[in-house]
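**Student:** Each chain is listed here by its residues.
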Amino acid sequence: MNAVLEVKDIGIDFGGVRAVDEVSFEIRPGQIFSIIGPNGAGKTTMFNLISGVYTPSRGAVKLAGEDVTGLPPHRLARLGLSRTFQNLQVYFRMTAVENVMVGRHIHEHVGITAQLFNLPSVRAQNRASRQKAMELLDFVGLADKADEPAGSLPYGALKRLEIARSLALGPKLLLLDEPAAGCNAVETEEIDGLIQEIAKSGVTVALVEHDMRLVMKISDRILVLDYGRKLIEGTATEVRNDPEVIAAYLGAHGQTEAARADH
Amino acid sequence: MLTIENLTSGYGRIEAVKGVDIHVEKGEIVTLVGANGAGKTTLLRAISGVQPITGGRILFEGEDISRLKPHQRVARAIAQVPEGRQVFGPLTIEDNLRLGAYRRNGKNSARYLERIYSIFPVLKARRNSIAGGLSGGQQQMLAIGRALMSGPKLLLLDEPSMGLAPILVDQILEAVKVMRAEGATVFLVEQNAFAALSIADRGYVIETGKIAFSGNARDLLEDERVKSAYLGL
Amino acid sequence: MAFLKGKYGVLLAIAIIVLILPVAFPSNYYFRIATLVWISALAVIGLNLLMGYAGQVSLGHAGFFGMGAYAVAVGPTHLGIPPVASALLGAASAGLLAFVVGRPILKLRGHYLAVATLGMGILVAMVLNNEAQWTGGPDGMPVSRLVLFGFKVKGPVMWYWITAGFLFVGAWLALNLVDSPLGRALRALHDSETAARVGGIDVARHKLIVFVISAVYAAVAGSLLAFFDGLVTPNTAGFLHSIQLVTMVVLGGMGSILGSLVGAAVLVTLPQALTVFHDYEHLMLGLMMMLFMIFLRRGIVPTLRDRIAGRVQ
Amino acid sequence: ADTIKIGSVLSITGPASFLGDPEDKTLKMYVEKINAEGGVNGKQLELVVYDDAGDANNAKTFATRLVEEDKVVAIVGGSTTGTTMAMIPVFEDAELPFISLAGAVVIIDPVKKWVFKTPHTDKMACQKIFEDMKAKGISKIGMISGTGGFGKSMQAQCKGVAPDYGIEVLADETYGPKDSDMTPQLTNIKGTAGLQAVLNPGFGQGPAIVTRNYKQLGIELPLYQSHGVASKSFIDLAADAAEGVRLPAAALLVADKLDDADPQKAVVTGYKAMYEEKSGQAVSTFGGHAFDGLFILTDAMKRAGSEEPAAVRDEIEKTTGFMGTAGVVNMSATDHLGLDLTAFRMLEIKGGDWMLAK
Amino acid sequence: MADFLQFAFSGLTVGAIYALVALGFTIIYNASDVVNFAQGEFVMIGGMVTVFAYAAGLPLPVAALLAVIVAVFVGLALEWLAIEPARDAPPVTLIIITIGASIFLRGLAQVVFDKQFHSLPAFSGDEPIRIGGAALLPQSFWVLGSAIVIFLALYAFFNHTLTGKAVLATAANRFAARLVGINTTFVMALSFAVSAAIGAIAGVLVTPITLTSYDVGTLLALKGFASAMLGGMGNPIGAVIGGLLVGLLEAFGAGYINSEYKDAIAFLVILGVLFVMPQGLFGRSHTERV
Ligand SMILES: Nc1ncnc2c1ncn2[C@@H]1O[C@H](COP(=O)(O)OP(=O)(O)OP(=O)(O)O)[C@@H](O)[C@H]1O
Ligand SMILES: Nc1ncnc2c1ncn2[C@@H]1O[C@H](COP(=O)(O)OP(=O)(O)OP(=O)(O)O)[C@@H](O)[C@H]1O
Ligand SMILES: [Mg+2]
Ligand SMILES: [Mg+2]
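Protein chains in written order, with the numbering used here: chain A, 1 to 263; chain B, 1001 to 1233; chain C, 2001 to 2313; chain D, 3001 to 3358; chain E, 4001 to 4290.
Hints are not guaranteed to be accurate.
[Unchecked claim] Example chain B residues on the side facing chain A (calculated, C-beta under 7 Å, incomplete): (1) Ser1135; (2) Gly1136; (3) Gly1137; (4) Pro1166; (5) Asp1170; (6) Gln1191.
Bear in mind the hints are in silico, worked out from the structure with no lab data behind them.
Where a beta carbon is used, it is the ideal one built from N, C-alpha and C, also for glycine.
Start from the sequences and build out the full structure, keeping to the hints where you can.
**Tutor:** Here it is in structure tokens:
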């Protein structure tokens, strides 16, 4: 079967920093594919390259076999790519449900004139978007906060709000950048459940996360980056027993956490 | 050293902290555990004076500091690593760190800088780049380094391990212990409750703005309520 | 007050104000002031879509306003185009200018966008000021009275109703827009352009759309003012007028359609009220502006609304 | 009513404030004086003044307010052509006599039933200047004009009448009303071959800067200014550079140098003394326009024996032999200004003061 | 060639004036992200107070010093009474407050002083210096020189002092600034005081060239703002280069192209530059990680 995402020899620099350096990998449909690595290894940058936030200076990105290198993010979104952000990018002045409704943007097919005159088609569209958004809020457990301004939600809730919003797009491939940051162990387990459910529904998931328990537990494959380069790619067991990975990234804490994944 | 009495604070009609009592002895590491939205961040901000309080008092070394301006509190050597890093994006890394020493008018900055650079060598390598370009974890290191630059007596840490690679989580917790050994007092908010309680002397558990229970860190680690609600065991 | 939150609440409020006010009006002078308020409010609503919702400043909106105004002066006088058609042409050309300059200009952020729009506005004002053979130069030119279906539209009372009608429709369209997918996209890109982009929103296009819409609002308001006043001067397109429009937006409340009306009302009526201070008039105007903004810092309508709802921040 | 309400809308602040400000002061001090002396037709005058800040739309609003709210019977005001033109329809509709203090000829040409004005037109200033040039054998000039209403209008008028005097405009430069350096424009004028004189229509601080830059560049040609600089502050601002500048202006500026036999002497010295004492500022011809307007109006009221607008209007139109600061005013049904070229005097600045030019 | 030189001199003179105003903008902007639209009024206060104090018999240097003190006092009052009470408001609100302040100060000046234009004697006489057939007034050197001195001082302040960094930090992240112990109230007061002083100094220096009156502020603020943006807001070197560039563009535009549209030419170039360099000539491009 074709890869959902194919990244080939991709690279980008910032000033002197080679943030990502000739990295290649593939993600197969339905997989949960994790990218881990030390701080500054280039994980978020990789997501930025894939989602069109940055344009790669080298290499190519293919989405479902189609070359999409250099396409702007809003075009990629229409091809089924969606993501969350490590640094929250919530629409703080909108309510929670409106945040998710914005996620429906590419599915909202009404003309400007219709919108200006609030024609029935627009009203129907608004209702549909709202309903879908409510479902998703419910899915991430924020239904009771739907009409609160996003700015007043605590950090953990915002993380989940971003997940709901990115799902609203109806993605084929979902990039999650540290979804469990700022969540305690129990909350992380909830996120874990969410991700697995998302994957089960047929969405391919790429995950960046420092919570080793989560990563080791749910990943089908793991890519380890270090200094912008690929250190190793493999299954959870392969990765967590790799001495280089342990030395550069896991340390004692990571190893214990990873071990707890087995419970 | 730090005594919080019946503290309340919030945002408009929403009360986020509802009558909290906490005390931290000199030289202790005390950790605060709680779920999303329990009010941890609000409490820490109130201690630093960047969040208005609506009731109660905050005593530091016997002095009521509830009405002091944030910079006056920093002048009494209270430093905070805030949630969400809050680095000065347009400034260089080294400038960010130097500003951490603002309270001491930048005195002995070189010595402190070396110390921080030895904990976080990446920061040294990037000392002249703009902080806004750093990765999330790197910014977190910077935020921690910046707080350490002030040579605090009381260090308030709001989820310092957030976004850090596992290997660094060890280091941070190690550094916290070193700080304590050097005479600092630490009040730690951490989602990684297991790790936090492992290095702490005591702990408080906060639930929807109220202290639910507290105790010896070791006892809390064994406490069933803590285990099921926060450690996920 | 809660009803004021909803779209229909706002429209109802505007309708009530428009219908009730004349009862209390002792003279044409009041009709004139109210008409000026409606006209300004119309332009301000458009600008508010751009500033308050999409978060893009424009310090050159008076330029579009001026284009609308001069269209109805120059069209019939020099080009033999009927007044109403001239007004439509004015709106179209303002929209076209916005469309043409919008792409490059709207790539700029914050104060850089402010200075670019400022420059654009000044260029328009400068042409109106300098090309005297077309525009009458600094002293402006007269606008012939509007004749509709052989009927002379004349006098403040009649214009009161006409401009109120435009305001009402303008507010209705704006409220529709805000509450539509487009409006949500605008508010979203205001908060995070990156997230909006990744969410499938063509940010450049959306900014452009709202820029064009707001330019058209300004131009229509300009045409109305020119018809109503019977003359146009380059001041209508000037920098100070742009600043005034921006002030109205912020004073009334960014992102509040009702606020646009209130902001316009305050800034139009305040100078009239302050004439009692004679030499101290300007001093008082500045002082009042500062006081309003210090005590109602998110704008009159949003701040008061939240106070009443008991929310802070 | 037991008072007579007179309205005024002036550009007391804004770019034309040095017109509106002395006009405002003049109106206030003379209304007070008239009232102290018993008023008009036994009634006290009540003056209502609004500041339009130079904006036509404001002017129109205040004009409406004077008519609708204040219910004035006549208006003296309108500092600039733009504001005046904005107000005319309001007063015409209300059928109230309106004496404008602004310059351009369009205000009274074509004649409008209810509208009069007191200052010389810019066209007359051009004519006066060109007469002077012609007498001196000057036929090729350069112009540098302000782009404000005054400068722009006079620029057009002068270019229009220049051929009548056989004068050619070889260089035509402009500057913004608030510009602070005109050396580039003057450099171009300096570099234009064959010029015999330079004319600078404009008001405000611009002409003072032009005059200074003129000296800075060492241009030797005669420099003509317009009646827009007819206040002492021009000489103060331009300082040494003003030496030798020629301009057309009313006799007011040279009040004390007039021949004792000059019929205008009493009026202008009286006004000058009063203005300078009360305001503490040097007199300008602009305040004089307000003086003329006020007295043309009150004289008409006295002759009509009432303040009834229509009667007053008719009497204003019959004003003859009125001696004002601008000159002798003889109005008629076809002339709502009533001044001729003789009202202008050619002045030259010598030793830091105005002199009647030889 | 002489023409070219003359245009250049004119441009440098006017440009130096814009540069001084633009420098005044930088400090408050750097402390708060706020464009202080009352900056022009500081220039006006500098000029008008000097004029009136000088007319009242004070020696020129004393009058100038008094003007600077008055301006600083006004700047502080503005900060304490109007900005500080609204310090948590969004930047646009603060900007509107400065617009209000500028109207207020103009209104105040028209009652305290008058509505006339005034001049001051040039510091080193009016005798133009002739270079290569072009004439330059000595006062222009004063303006140009002061712009450079103030630029150097600001540059050193922002790049080499901790207080300077604290000012930048306050604008970058007020919340974090307070957490590291920066007295943001003091920083704001300082920035208004220094901005006011720079404005007033500019006012004193340029009055002999441009003349002054109660309402000179608006246009100067406008041109100064455009200059600052062309150079890159917040950067002292940008302010100076931007100011000089705008001045030169106007002069060459008026001299070689068309004096009626010289401001248009300047703005067209500014627009052109911004299209290519959206952060101005020397502005830092902004990085926001997501
Ligand atoms: N816009 C940018 N400007 C400058 N440097 C950048 C930029 N984007 C990324 N970098 C640099 O690229 C490197 C990789 O950053 P990236 O954010 O991808 O790391 P990461 O692997 O996500 O780290 P973390 O785990 O800390 O989030 C870092 O050194 C970072 O400073
Ligand atoms: N700016 C705000 N406006 C309104 N309510 C807020 C605001 N910030 C926080 N809150 C509310 O205050 C409560 C406490 O929030 P706080 O940020 O202190 O929680 P926390 O314990 O730090 O959570 P987390 O673990 O997610 O960081 C939450 O219910 C939150 O919704
Ligand atoms: Mg990252
Ligand atoms: Mg928190």
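**Student:** Hint by hint, note whether the structure agrees.
**Tutor:** Hint check:
Interface restraint check: Ser1135 of chain B against chain A, minimum CB-CB distance 4 Å, threshold 7 Å, status holds. A distance limit of 7 Å between C-beta atoms decides the matter here; for Gly1136 of chain B the minimum to chain A is near 5 Å, and the interface restraint holds. About 3 Å separates the beta-carbon of Gly1137 of chain B from the nearest beta-carbon of chain A, less than 7 Å, and the hint is met. For the restraint placing Pro1166 of chain B at the interface with chain A, the shortest Cβ-Cβ distance is roughly 3 Å, inside the 7 Å limit, so the hint holds.
Because the closest C-beta pair between Asp1170 of chain B and chain A is about 4 Å apart, less than 7 Å, the hint holds. With a cut of 7 Å, the hint placing Gln1191 of chain B at the interface with chain A holds, because the nearest CB-to-CB distance is about 4 Å.
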